[in-house]
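> Protein sequences, first through last, are from chains A and B.
All residue numbers for the first sequence refer to the working numbering, where the first residue is 1 and numbers rise by one.
All residue numbers for the second sequence refer to the working numbering, where the first residue is 1001 and numbers rise by one.
Think of the hints as simulated: they come from the structure by calculation, not from any bench.
Fair warning: there could be bad hints in the mix.
[Said to hold, decoys possible] Among the chain B residues that face chain A by a calculated CB cut under 10 Å, a handful are:
1) Ala-1133
2) Asn-1182
3) Phe-1290
4) Arg-1312
[Stated by the list, open to error] Partial selection, computed: residues in chain B whose CB lies under 8 Å from chain A:
5) Tyr-1011
6) Ala-1014
7) Leu-1116
8) Asp-1120
9) Leu-1124
10) Tyr-1125
11) Leu-1127
12) Ala-1128
13) Ile-1138
14) Trp-1142
15) Ala-1157
[Stated by the list, open to error] Label pairs and their in silico Cβ distance ranges:
16) A/Ala-166 x B/Lys-1077: 26 to 32 Å
17) B/Val-1059 x A/Leu-145: 56 to 62 Å
18) A/Val-187 x B/Thr-1275: 42 to 48 Å
19) A/Leu-53 x B/Asn-1006: 23 to 29 Å
20) A/Ala-166 x B/Val-1324: 22 to 28 Å
21) B/Gly-1331 x A/Leu-54: 34 to 40 Å
22) B/Val-1059 x A/Thr-171: 40 to 46 Å
Where is the CB? At the ideal position from N, CA and C, for every residue including glycine.
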Amino acid sequence: MTFFGLHFQDIVFYALAAVLLYAALSVITTRNPVYAALYLVLAFFTAAGIWLLLEAEFLAITLVLVYVGAVMVLFLFVVMMLDINLDKLREGFWNALPIALPVGGLMAVEMVMIVGVRNFGYDKVVAPPAHPADYSNTAELGRVLYTDYLLPFELASVVLLVAIVAAIALTLRSRKESKSMDPSKQVLVKKADRLRIMKMDAVVEVAADTSSATTKEAS
Amino acid sequence: MEWLANLFGSYWPAVQLTVWTLIKIVLIVAPLMGAVAYLTLAERKVIGYMQVRIGPNRVGYFGLLQPIADGLKLLFKEIIVPTASNKTLFLLGPVLAIAPAFAAWAVVPFDMNMVLANVDAGLLYILAMTSVAVYGVIIAGWASNSKYAFLGALRSAAQIVSYEIAMGFSLVGVLMCANTLNLGKIVMGQSGGLFHWYFLPLFPLFIVYFISAVAETNRAPFDVAEGESEIVAGFHVEYSGMAFAVFFLAEYANMILVSMLAALMFLGGWLSPVTFIPDSFLWLLAKVGFLLFLFLWFRATFPRYRYDQIMRLGWKVFIPITIVWIVFVGGMMQTPWAYLFH
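With the rest of the complex left out, here is chain A (with noise of 0.2 Å):
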């Protein structure tokens, strides 16, 4: 007995792929943009469960790893502490539609006309056979990006590095009035540069009840 002639793993994709859909749909739709960064959260977890059912295990957990655990929390970050104008950011809503619809329709038609079923249907790609139990993704993965695309692998490698220098170069700024601490100069504090030691002479206090006539004498 099986549903509709589904396997079991047609049943996980399908589920996978409408959890998918759903949060890809409710990150464009929805209005709070936290929620819209947690859907994005919610599809990257989905698309990286499809991933493990193509095999990919190496990009799907990549996928959690990088995008969820630090893109996405990096997001989240600046977007909870934004003050966001929801009424604001509807407000040309209608202004903006008569350009929007059909760029926006011309490049529906275009993933349509690429991604349809004319370049990717069951007859154009085969699905790959299946490997081996001992077969590791992560393995292969790595010795073609060390072998075979070194060269790519180190250009994108180098982009990177300057693109981490240029952020940094463009945002560092040393303010003024803000105080720190140098703690290699904090360690090397000596007692001699804090501490003095004075030698004073004794001095004997003098008796309470005759404290007034001393001073009186005194003055």
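For this one, chain A is given, so just place chain B on it according to the hints.
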């Protein structure tokens, strides 16, 4: 059994697998919850003795029923949802905090063959799960709609993201030595006694990993996320009853998880330190117990770091140390001394 097989038809193998996996999950999570409960008691007892107090000793012999009493008390308390909070996310926060702490246990091996999912990218999976743990804190802090909670969440998010980098880099050293991401194979790569464990060739990475682990779990002395003297209790200030307890459980489950990982990757897991005593799960327990004791010891000993000092330590000390040591290990592997690092 027969009619069940008929009912599910061709799905029967998949259903069987699912049920069997669920049973295994319960077998892992149930002792874990027990360990979490008794870790709280251990913490109070250990810190108590370190401060020349006795600690809890009223409920049960030697205070042994204290965690159960605490759990019951928290269960019966009301969960107060603040009016101005975002209700859905407020309740989602604790769930997202504890789920990754448990999900990561899927790939943790307890012995040669005792592992729920023997995946090849196990180490990556663990890194991914621990990096997801930050969502619980951020969402709880934002949904509470309180400035203390929000400040705590921001501090915690920045701290966790920063220390994750140092943690990830120190694990790169392990995977260079082991040539695999599979946790079971990483442990087996360390077989041959105490001097083959990875903590010796990777000593700086081991230290960086463990300190980063303390920071990742928001434990003292890196507990600025809940710094009581500045922001009352940080991200969980608005939580009460069981909702608070879930955050508490997640923190302790994470402590056990990172100690377990340190034991597996640097201290030889279930391997015995000397070859004439057999390897056993008990060794793993002993190693994890020792590392957990260190967590408690730190809390009783060190004063809390200032926030800028935490950031400086993570970015300007730990990350350079790990990068230098990874390059050093990589260089040494090209020399005749490469055997020292395998």
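> Against each hint, give a clear statement of whether it holds in the structure.
We went through each hint and held it up to the structure:
A hinted interface residue such as B/Ala-1133 counts as satisfied when its beta carbon comes closer than 10 Å to some beta carbon of chain A; here the least separation is about 9 Å, so the hint holds. The interface hint given for B/Asn-1182 holds, since its Cβ lies 9 Å from the closest Cβ of chain A, which is under the 10 Å cut-off. Taken as an interface hint, B/Phe-1290 does not check out: its beta carbon lies about 29 Å from the nearest beta carbon of chain A, beyond 10 Å. A distance limit of 10 Å between C-beta atoms decides the matter here; for B/Arg-1312 the minimum to chain A is near 7 Å, and the interface restraint holds.
The interface hint given for B/Tyr-1011 is met, as the beta carbon of that residue sits about 6 Å from the closest beta carbon of chain A, less than 8 Å. With its C-beta approaching chain A no nearer than about 4 Å, B/Ala-1014 sits inside the 8 Å limit, and its interface hint holds. The interface hint given for B/Leu-1116 is violated, since its Cβ lies 15 Å from the closest Cβ of chain A, which is over the 8 Å cut-off. With a cut of 8 Å, the hint placing B/Asp-1120 at the interface with chain A holds, because the nearest CB-to-CB distance is about 5 Å.
Using the Cβ-Cβ criterion of 8 Å, the hint placing B/Leu-1124 at the interface with chain A is satisfied: the shortest such distance is roughly 5 Å. Hint status for B/Tyr-1125 relative to chain A: holds, with the closest Cβ pair at about 5 Å, below 8 Å. At its closest, the beta carbon of B/Leu-1127 sits 6 Å from a beta carbon of chain A; the interface hint therefore holds under the 8 Å criterion. Given the 8 Å rule on beta carbons, the hint for B/Ala-1128 holds: about 4 Å separates it from the nearest Cβ of chain A.
Taking 8 Å as the C-beta cut-off, the interface hint given for B/Ile-1138 holds, the closest approach to chain A being about 6 Å. For the restraint placing B/Trp-1142 at the interface with chain A, the shortest Cβ-Cβ distance is roughly 5 Å, inside the 8 Å limit, so the hint holds. Here the hint on B/Ala-1157 is kept, as its CB sits about 6 Å from the closest CB of chain A, short of 8 Å. The supplied range of 26 to 32 Å is broken by A/Ala-166 and B/Lys-1077, whose beta-carbon atoms lie about 52 Å from each other.
Remark: the range hint 56 to 62 Å for B/Val-1059 to A/Leu-145 is upheld by a beta-carbon distance near 57 Å. Against the hinted window of 42 to 48 Å, the Cβ-Cβ separation of A/Val-187 and B/Thr-1275 comes to about 44 Å, which satisfies the hint. Our hint of 23 to 29 Å for A/Leu-53 and B/Asn-1006 holds, since their Cβ atoms are close to 27 Å apart. Our hint of 22 to 28 Å for A/Ala-166 and B/Val-1324 holds, since their Cβ atoms are close to 25 Å apart.
At about 37 Å, the CB distance of B/Gly-1331 to A/Leu-54 agrees with the hint of 34 to 40 Å. Between B/Val-1059 and A/Thr-171 the Cβ separation comes to about 55 Å, which falls outside the hinted range of 40 to 46 Å.
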